[in-house]
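Each chain, written out:
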Amino acid sequence: MTNRVVNATGAALLALSGAAEAAYQWNLPTPVTRVAGEIYNLHLIMMGIILVIFVGVFGVMFYSIYAHRKSVGHQAENFHENITVEIIWAIIPFLILIAVAWPATKSILNLKDTASPDITIKATGYQWKWGYDYLKGEGEGISFLSNLSTPQDQITGNAPKGEHYLLEVDNPMVVPVGKKVRVLLTSNDVIHAWMVPAFGVKQDAIPGFVRDSWFRADKVGIYRGQCAELCGKDHGFMPIVVEVLPAEKYTAWVGEQRKKIAAAADDPNRKWNLADLKARGEKVYAANCVACHQANGQGVKGTFPALDGSRLANGPRGRHIEIVLNGKRGTAMAAFGKQLSDTDIAAVITFTRNNWGNRTGEVIQPSEIRSARK
Amino acid sequence: MSAVIDSGHAHDEQAHGPYGGIMRWVTTTNHKDIGTLYLWFSFTMFLVGGVLALAIRAELFRPGLQFWHPEFFNQLTTMHGLIMVFGAIMPAFVGFANWQVPMMIGAPDMAFARLNNWSFWMLPVAATLLVGSFFVPGGATAAGWTIYAPLSTQMGPGMDLAIFALHIMGASSIMGSINIITTILNMRAPGMTLIRMPLFVWTWLITAYLLIAVMPVLAGAITMLLTDRHFGTSFFNAAGGGDPVMFQHIFWFFGHPEVYIMILPGFGIISQVIPAFSRKPLFGYSSMVYATASIAVLSFIVWAHHMFTVGMPTAGILFFMYATVLIAVPTGVKVFNWLTTMWRGSMSFETPMLFAVGFIFVFTMGGFTGLILAIMPIDIQLQDTYYVVAHFHYVLVAGSLFSLFAGFYFWVPKWTGRMYDEKLGKWHFWLSMIFFNVTFFPMHFLGLAGMPRRIPDYALQFAGFNEIASIGAFGFGLSQILFLWIALKVTVLGQGERAGQRPWDGADTLEWTHLPSPAPYHSFHEQPVLG
Numbered sequence: 001m002t003n004r005v006v007n008a009t010g011a012a013l014l015a016l017s018g019a020a021e022a023a024y025q026w027n028l029p030t031p032v033t034r035v036a037g038e039i040y041n042l043h044l045i046m047m048g049i050i051l052v053i054f055v056g057v058f059g060v061m062f063y064s065i066y067a068h069r070k071s072v073g074h075q076a077e078n079f080h081e082n083i084t085v086e087i088i089w090a091i092i093p094f095l096i097l098i099a100v101a102w103p104a105t106k107s108i109l110n111l112k113d114t115a116s117p118d119i120t121i122k123a124t125g126y127q128w129k130w131g132y133d134y135l136k137g138e139g140e141g142i143s144f145l146s147n148l149s150t151p152q153d154q155i156t157g158n159a160p161k162g163e164h165y166l167l168e169v170d171n172p173m174v175v176p177v178g179k180k181v182r183v184l185l186t187s188n189d190v191i192h193a194w195m196v197p198a199f200g201v202k203q204d205a206i207p208g209f210v211r212d213s214w215f216r217a218d219k220v221g222i223y224r225g226q227c228a229e230l231c232g233k234d235h236g237f238m239p240i241v242v243e244v245l246p247a248e249k250y251t252a253w254v255g256e257q258r259k260k261i262a263a264a265a266d267d268p269n270r271k272w273n274l275a276d277l278k279a280r281g282e283k284v285y286a287a288n289c290v291a292c293h294q295a296n297g298q299g300v301k302g303t304f305p306a307l308d309g310s311r312l313a314n315g316p317r318g319r320h321i322e323i324v325l326n327g328k329r330g331t332a333m334a335a336f337g338k339q340l341s342d343t344d345i346a347a348v349i350t351f352t353r354n355n356w357g358n359r360t361g362e363v364i365q366p367s368e369i370r371s372a373r374k
Numbered sequence: 001m002s003a004v005i006d007s008g009h010a011h012d013e014q015a016h017g018p019y020g021g022i023m024r025w026v027t028t029t030n031h032k033d034i035g036t037l038y039l040w041f042s043f044t045m046f047l048v049g050g051v052l053a054l055a056i057r058a059e060l061f062r063p064g065l066q067f068w069h070p071e072f073f074n075q076l077t078t079m080h081g082l083i084m085v086f087g088a089i090m091p092a093f094v095g096f097a098n099w100q101v102p103m104m105i106g107a108p109d110m111a112f113a114r115l116n117n118w119s120f121w122m123l124p125v126a127a128t129l130l131v132g133s134f135f136v137p138g139g140a141t142a143a144g145w146t147i148y149a150p151l152s153t154q155m156g157p158g159m160d161l162a163i164f165a166l167h168i169m170g171a172s173s174i175m176g177s178i179n180i181i182t183t184i185l186n187m188r189a190p191g192m193t194l195i196r197m198p199l200f201v202w203t204w205l206i207t208a209y210l211l212i213a214v215m216p217v218l219a220g221a222i223t224m225l226l227t228d229r230h231f232g233t234s235f236f237n238a239a240g241g242g243d244p245v246m247f248q249h250i251f252w253f254f255g256h257p258e259v260y261i262m263i264l265p266g267f268g269i270i271s272q273v274i275p276a277f278s279r280k281p282l283f284g285y286s287s288m289v290y291a292t293a294s295i296a297v298l299s300f301i302v303w304a305h306h307m308f309t310v311g312m313p314t315a316g317i318l319f320f321m322y323a324t325v326l327i328a329v330p331t332g333v334k335v336f337n338w339l340t341t342m343w344r345g346s347m348s349f350e351t352p353m354l355f356a357v358g359f360i361f362v363f364t365m366g367g368f369t370g371l372i373l374a375i376m377p378i379d380i381q382l383q384d385t386y387y388v389v390a391h392f393h394y395v396l397v398a399g400s401l402f403s404l405f406a407g408f409y410f411w412v413p414k415w416t417g418r419m420y421d422e423k424l425g426k427w428h429f430w431l432s433m434i435f436f437n438v439t440f441f442p443m444h445f446l447g448l449a450g451m452p453r454r455i456p457d458y459a460l461q462f463a464g465f466n467e468i469a470s471i472g473a474f475g476f477g478l479s480q481i482l483f484l485w486i487a488l489k490v491t492v493l494g495q496g497e498r499a500g501q502r503p504w505d506g507a508d509t510l511e512w513t514h515l516p517s518p519a520p521y522h523s524f525h526e527q528p529v530l531g
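So the sequences go chain by chain: A and B.
For the first sequence, position 261 matches number 261 in our numbering, and the numbering has no gaps at all.
For the second sequence, position 61 matches number 61 in our numbering, and the numbering has no gaps at all.
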């Protein structure tokens, strides 16, 4: 008992001191790609120019405020035009702008150059998580979803916040160091944006369109970012984590993923019983549905409908399956047919039809989902 | 000219005066009454929007979710933006135009007096729809003030109410602009040539053209949104052959000129105040006019700098980046002209001048960060972070709002015949200035560190600066209560020293040289003669 208290206090103190150390960051994060480095330097150059103008302009202004006051008896002069001066101070900023446009243009050409990548990964924005599909290069065929892994208790303040509060996920994107990674971005619902500041990457993910960006990480490590385009309720809770590994460790990771995929493959013809399917459905629900419909199935009044006792979850199953597969237009209800396997969809529908006050007793088999997809 | 009779109400002394009581305000076609209505309306909306801002900052004081659900938090940020832009800043400048434009050009009233009444009275209706949308099922729209599709097509009925409200406010703005343009072009006193007009009138003339050009564009965008939501169209839905990014292009084609709509009249006010308190004519009058016009023209070809991260072709990025940095040239000219106006003047620092100098200081900082954001590679890091939040609050709060305060303190003696409380006015300035910077300066660092905007909760590394910003925000909010008291004292309560016709010895426009304080209910029955 005492031990637990001591541990908890220790953890809280650690979290606090960690927070205190990192609480004030004054500049862009340390760059780990060439593009991010260029941006970093460009920002420094701009700040230098601005500082000079700042000192010049406000030096003059405050000197004038000090010296040309009525209260110290300064008499107003009457000049109010000087074409030469006016032309000069229109031209000087113009020249400065041309001077900075040059390095900026070079940097743009570089950051837009997504040609000949070593690895191509598609990142798909969902409300509210990211999905990664390795399309080309080493790791081709790997595919997973990446959810926020910060426990709800930390968010509501019932547990001390961890070091990477809100910046941690269950399955990070993993890439090898020193390789050019092209990221294709798209979205399943609304516009999101994929941002990793240390890489100098921020690209909107637009539903129905594919956009791209790229990075080549020079240093092994874990880099974190967040969704940068308002995408609804949990916009603040869909972080991006990229783990950069040395080449051989990356190869090992790819092998592991392959094995996992093979092991996780479901037999599509298996007949499930209620208890097993419900247990699986509970996990699917927690990962995909809970943000809107809530753990108690009550939804959020007026915004997200309740499932507990709802007509949908207690009425004909065909309609229920259709909504989960295809979503509902004009609402945040996504078409999960595109995201989840037949077994997962069967499981989550079975779960919602047999949980809380819902007691249909029905078991929806994956084969039903498969035929509903056609 | 009519004599001024002392009464609590400054203006109802004429034989053919207005109705008494509430009907005076409902039926009025008098530019001064309507100006007053606009100003009180906008100040009310400013307080409403301010309460929403404080609700946001309270949640962000510490990491974790303390007060609001994320969905409601998004409603707060969205409605704060919409209310401040369309309810507070824009109507406030129209209020100044109503009061000042006729007096400054020697006209008896606005050109279309009944239209003027109508353009105002649409606003409370729109505001009721907008604020009322909090109480419909699902609450207010939570798609951000930019209401990007397709997020906005997901929203509940609150979004529809916001769309209707924006339509009505847009109609009001267009009518107001037609009125202002007609007044300025047709009703100037003999001798008041265009190139002799006070700069405030000039900036409003240009602003009114901007409004007429872009409010219909916004109306088009939100109408398409409405039909996408309810009538099965697919303008912004890729599944139906539309394009979500098209919404952004249309929105920002409105949105960027809108930014200048909210600042150009502010430039005008500052260009009246600085010479008056420097006791020296405005330096470079004609270059100021040309600079204003070129900012207005440039504002139509820079919109996509709000969209550097949507994935535009390289040529598009380069065009919009070059066009954007070009704006620094006319803006720089303006700042240099103001400084040169002050240079070797005989300055005194009453509250209007404090706000004007404060304006130059903080607005220029907003201009600097604007330059940083215009450089596309840097914008890749800063787009949609708190850096952007800091930038546009520097130009909108410290820019537009401070210029409105400067204008209020400057002209209120003319409007009421009384001087505001100078000591409290100075307190108001210093508190506003300090707390403004405490609130928004740290946000630059948050943005550089990568904190996205519009999030209800944040990672621990952002905790320190958020705490400071929240403290500053509450200080800034409370300082505006002081302003409410100052304004009530001098207007409604009629307290304060009596103001002479020309309480500012450097002020030389018609309202100071030709009209008593308070300005009579009907001014310039006979056209003034200008030398």
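Certain hints may be false.
[Stated by the list, open to error] Just the calculated beta-carbon pair ranges, DEER-fashion:
id : chain 1 : residue 1 : chain 2 : residue 2 : range
1  : B       : 51        : A       : 65        : 27 to 37 Å
2  : A       : 156       : B       : 233       : 52 to 62 Å
3  : B       : 132       : A       : 95        : 25 to 35 Å
4  : B       : 478       : A       : 295       : 23 to 33 Å
5  : B       : 186       : A       : 24        : 35 to 45 Å
6  : B       : 315       : A       : 329       : 32 to 42 Å
7  : A       : 302       : B       : 194       : 49 to 59 Å
By construction, these hints were calculated from the structure, which means they are not laboratory data.
Ideal Cβ positions, reconstructed from N, Cα and C, are used throughout, including at glycine.
Each hint, compared with the structure:
no., hint, verdict
1, 51(B) with 65(A): 27 to 37 Å, "35 Å, holds"
2, 156(A) with 233(B): 52 to 62 Å, "41 Å, violated"
3, 132(B) with 95(A): 25 to 35 Å, "53 Å, violated"
4, 478(B) with 295(A): 23 to 33 Å, "40 Å, violated"
5, 186(B) with 24(A): 35 to 45 Å, "58 Å, violated"
6, 315(B) with 329(A): 32 to 42 Å, "36 Å, holds"
7, 302(A) with 194(B): 49 to 59 Å, "54 Å, holds"
Of the hints listed earlier, those the structure fails to meet are numbers 2, 3, 4, 5, in rising order.
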